[in-house]
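K.L.:
Sequence:
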Amino acid sequence: MAMDMPRSSSRMLQWGLAAYWFSLNMEGAALLTILIPMTLLQVSPVGHVGQLARIVSLAALFTMIVPPIAGAYSDRQKRRGKRRMPLMWWGTALNVGGLLMIPGVSRASILTGIVLVTVVGQAASQTAYQAMMPEILPSSRWGKASGYMGLASLLGTITGLATAGFAPSAIRYPVLAGIMGIGMMVTTLGVNEDRGPWESALPHVTMGNHKNFIRVFWARFLVMLGQTFLMTYILYFFSEVLHVSQPGAHTAFVGGEALLGAALSTVIIGRLSDRVSRRVVVFLAGLPMAAASLGFALDPTIQAMTLWALLYGVGYGAFLSVDWALGLESIPDLANVARDLGIWGIASNLPAVIAPAVGGWILVHAMNPRQGYTTLFVTAAVMFLLGSVAVLTLGKPSAEKPWSLFLAWLVYILVTPYVRIRYRVHVVGKLALHRHALLVVGNHGQDIEGLVVPLLLFRSRPWGARVISAGSQRLFEPNFFTTRLPERWGYWLSAVNVGPVLWRLGVRPIENQPLFRPITSWAYHIFQTQGNLLASAVFTEEVLTGLAMVRTNKAPLRLRDLWQPRYARQGACLVSVTALQEPYRHQMRQQLAMHIRQQIAELLNAVRDGDLLYLTPEGRYTQDGRVGRFRMLWTVAQQHIPEVVGMATAYDVLRPGPLHVWMRWTERMKAPWAQTILRARRPITASHVVAVAVEGMADESSAMARAKALMAKIPADAQVASDLATRPDEVLTRALHFLWPRHQHGVVCDPRLPGVPDLVQYYRNQWDETIAALTQISVEERQDQTEPE
1206 MAMDMPRSSS
1216 RMLQWGLAAY
1226 WFSLNMEGAA
1236 LLTILIPMTL
1246 LQVSPVGHVG
1256 QLARIVSLAA
1266 LFTMIVPPIA
1276 GAYSDRQKRR
1286 GKRRMPLMWW
1296 GTALNVGGLL
1306 MIPGVSRASI
1316 LTGIVLVTVV
1326 GQAASQTAYQ
1336 AMMPEILPSS
1346 RWGKASGYMG
1356 LASLLGTITG
1366 LATAGFAPSA
1376 IRYPVLAGIM
1386 GIGMMVTTLG
1396 VNEDRGPWES
1406 ALPHVTMGNH
1416 KNFIRVFWAR
1426 FLVMLGQTFL
1436 MTYILYFFSE
1446 VLHVSQPGAH
1456 TAFVGGEALL
1466 GAALSTVIIG
1476 RLSDRVSRRV
1486 VVFLAGLPMA
1496 AASLGFALDP
1506 TIQAMTLWAL
1516 LYGVGYGAFL
1526 SVDWALGLES
1536 IPDLANVARD
1546 LGIWGIASNL
1556 PAVIAPAVGG
1566 WILVHAMNPR
1576 QGYTTLFVTA
1586 AVMFLLGSVA
1596 VLTLGKPSAE
1606 KPWSLFLAWL
1616 VYILVTPYVR
1626 IRYRVHVVGK
1636 LALHRHALLV
1646 VGNHGQDIEG
1656 LVVPLLLFRS
1666 RPWGARVISA
1676 GSQRLFEPNF
1686 FTTRLPERWG
1696 YWLSAVNVGP
1706 VLWRLGVRPI
1716 ENQPLFRPIT
1726 SWAYHIFQTQ
1736 GNLLASAVFT
1746 EEVLTGLAMV
1756 RTNKAPLRLR
1766 DLWQPRYARQ
1776 GACLVSVTAL
1786 QEPYRHQMRQ
1796 QLAMHIRQQI
1806 AELLNAVRDG
1816 DLLYLTPEGR
1826 YTQDGRVGRF
1836 RMLWTVAQQH
1846 IPEVVGMATA
1856 YDVLRPGPLH
1866 VWMRWTERMK
1876 APWAQTILRA
1886 RRPITASHVV
1896 AVAVEGMADE
1906 SSAMARAKAL
1916 MAKIPADAQV
1926 ASDLATRPDE
1936 VLTRALHFLW
1946 PRHQHGVVCD
1956 PRLPGVPDLV
1966 QYYRNQWDET
1976 IAALTQISVE
1986 ERQDQTEPE
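Adding 1205 to a residue's 1-based position in the sequence shown gives its number in this note's numbering.
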């Protein structure tokens, strides 16, 4: 069945993003490694080592200063509903202009100034460009994207080295400028950036957790410091130690060999990094890089260069394949992604300030060039090893409190007997095996599935996995029990807030009534943010009049008083945000979007590998029986957790006796088909059949005959309730005896499905929806079978 999302658009997006990264890496490989050193040999034959150290250090200083500033500006523009691309365009224009001016330079001081202009443009454009990636790509594709970027980095570096080392000198800078412009245009055309403020998955680590960010920063800094020791002076190493006649060509050749080794590991490891620990990949990547650096130091011969270059390249490719994804995962707050990526980039740029100065000092003070380069390369090997060890210090999610697991088992033991006594729950199928986090989605008919499904998941989960679920914000506020329990119990428990207990059980709050909610809910939210204000300062006169009807004293009414039992019923009345006075009405509207995004972030941050996240994406009970529109939480969650299964639920209300609940596990499903599969796999019960059968019938016997005819027309791939499938006459007869007299007296309702105005129409809608979904899937399967392979 063709339920997979189309991959061609995904590949186009990946290559569109990678195009500019190719151009940036081509420039990075050619400019300061070969072109500027060779230009300095012409402009300043004497003292070129010191001039190079000065230019490289100043360039690195600018690349540290510019990105955080440009990033903060880009983030602010994004929050205002503007795009990041204009900053990329202007930065590229500045960069290209500088490259075209360099060939006409005749003095080292002027060359330094133009290089700095070029670097400012490059840093600004790169900052805006990198910030677009996590906003466009879901986190489940970051590892794959990192692999594409690693490949683009390698190809760009190879092209840059080849252009700088072998192209005619007159066209080197113009070619570089042209490739920068082409890369920018390809990315502009290949990436459709939203104009609106970014409201995607938000943080993928706990907000405010800077420890991993700092550790990744230092690990990257050490690895890049080792690489900068190698790259900055490698051309002079060929000239002064190996005494080759064309050091630029040899540098390009050995660099190409290293990148050949890197190409063998980049894309494959980038894909694997979505499935294995990225910190382990970075640790292992540092080992061959360190070994190759020691080889350069201890056996600096032309014959051995190929081996050391290939070995270094394998490690470097593995590092590139996960570097970007690991960096994104460590960023504390993706709402400020450009700024934080700019700070993270300092880990690459600071070594370019330190390494030339330290490396230059080592080479100048060495007894001879051979000793100086040996010391330099051994130092690089030590940096690679330290960086590999540093990445292993990345923290894992904190362990679950032992008493939380005990509490979960206690609730399971206490609630399971209640569910079995009160309801008749029938489950078809089993939970699919999974290795990573699994997203379980279900249609939302009543509170019952919110009680039953977590119990089923807790019982079926792999050892060590947790069950996380989303619950209404009302569960975490006083007055929740008022309308959920019998009147006397609801009255006395109205002030109880079970939110802290639910949190320990894995439930996370989500606001599902953003602009229309109970009076006590508005009061509780403002109480938390503004304090125990007078109710007369918060609510309109209409709300205050209703509350005054149940007051028993003349003391001023404050927000906290509304949790008292005497206000329980009146406080449960639903009112819109217009029931608030200003400035609270405006504040609630302003804070609402950010509040919901923060709740989604907290929910997704709670999920670890192997855990199960249960959602009812509709966010509210269905009143007409149909599966409703999935809300923003679903869009974000299925990007964060790509493995999805469903729990399709049907309530069998139109029959005597206890409430029967039929549930079916679905197959793995792709996001675009989730609603269709839930509709199709929802079990067909006796209530569905008799609700359709009674329409237009004159007597009960005619309805029974029609019910039997409907049973014969049910599609073969439908899930029919087991009692209806095995004993259709008995079950349908009892259901019709129950429904017919009630249907004759008017609209049929049942307190077990509160909020449903017409149960007969409710089940007719579900019947039509299920049959239509089954037909849609059947047509899709036939099309797949007829398509040529």
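Worth flagging that the hints you see were computed from the coordinates, not collected in a lab.
Among the hints, erroneous ones may be present.
[Claimed, not checked] Taking lysine-lysine and the DSS-like style, the derived pairs with C-alpha atoms no more than 30 angstroms apart in a straight line are: (1) K1287 - K1635; (2) K1918 - K1875; (3) K1875 - K1635.
[What the hints assert, rightly or not] DEER-style ranges, computed between Cβ atoms: (4) R1629 - R1288: 20 to 30 angstroms; (5) L1779 - P1622: 27 to 37 angstroms; (6) I1376 - R1813: 33 to 43 angstroms; (7) P1863 - R1831: 21 to 31 angstroms; (8) P1956 - R1813: 35 to 45 angstroms; (9) S1781 - D1955: 24 to 34 angstroms; (10) Y1623 - P1956: 35 to 45 angstroms; (11) R1813 - T1931: 40 to 50 angstroms.
Ideal Cβ placement from N, Cα and C applies to all residues, glycine included.
K.L.:
List, from low to high, the hint numbers that the structure doesn't satisfy.
P.N.:
Of the numbered hints given earlier, those the structure breaks are 1, 4, 6, 10, listed in rising order.
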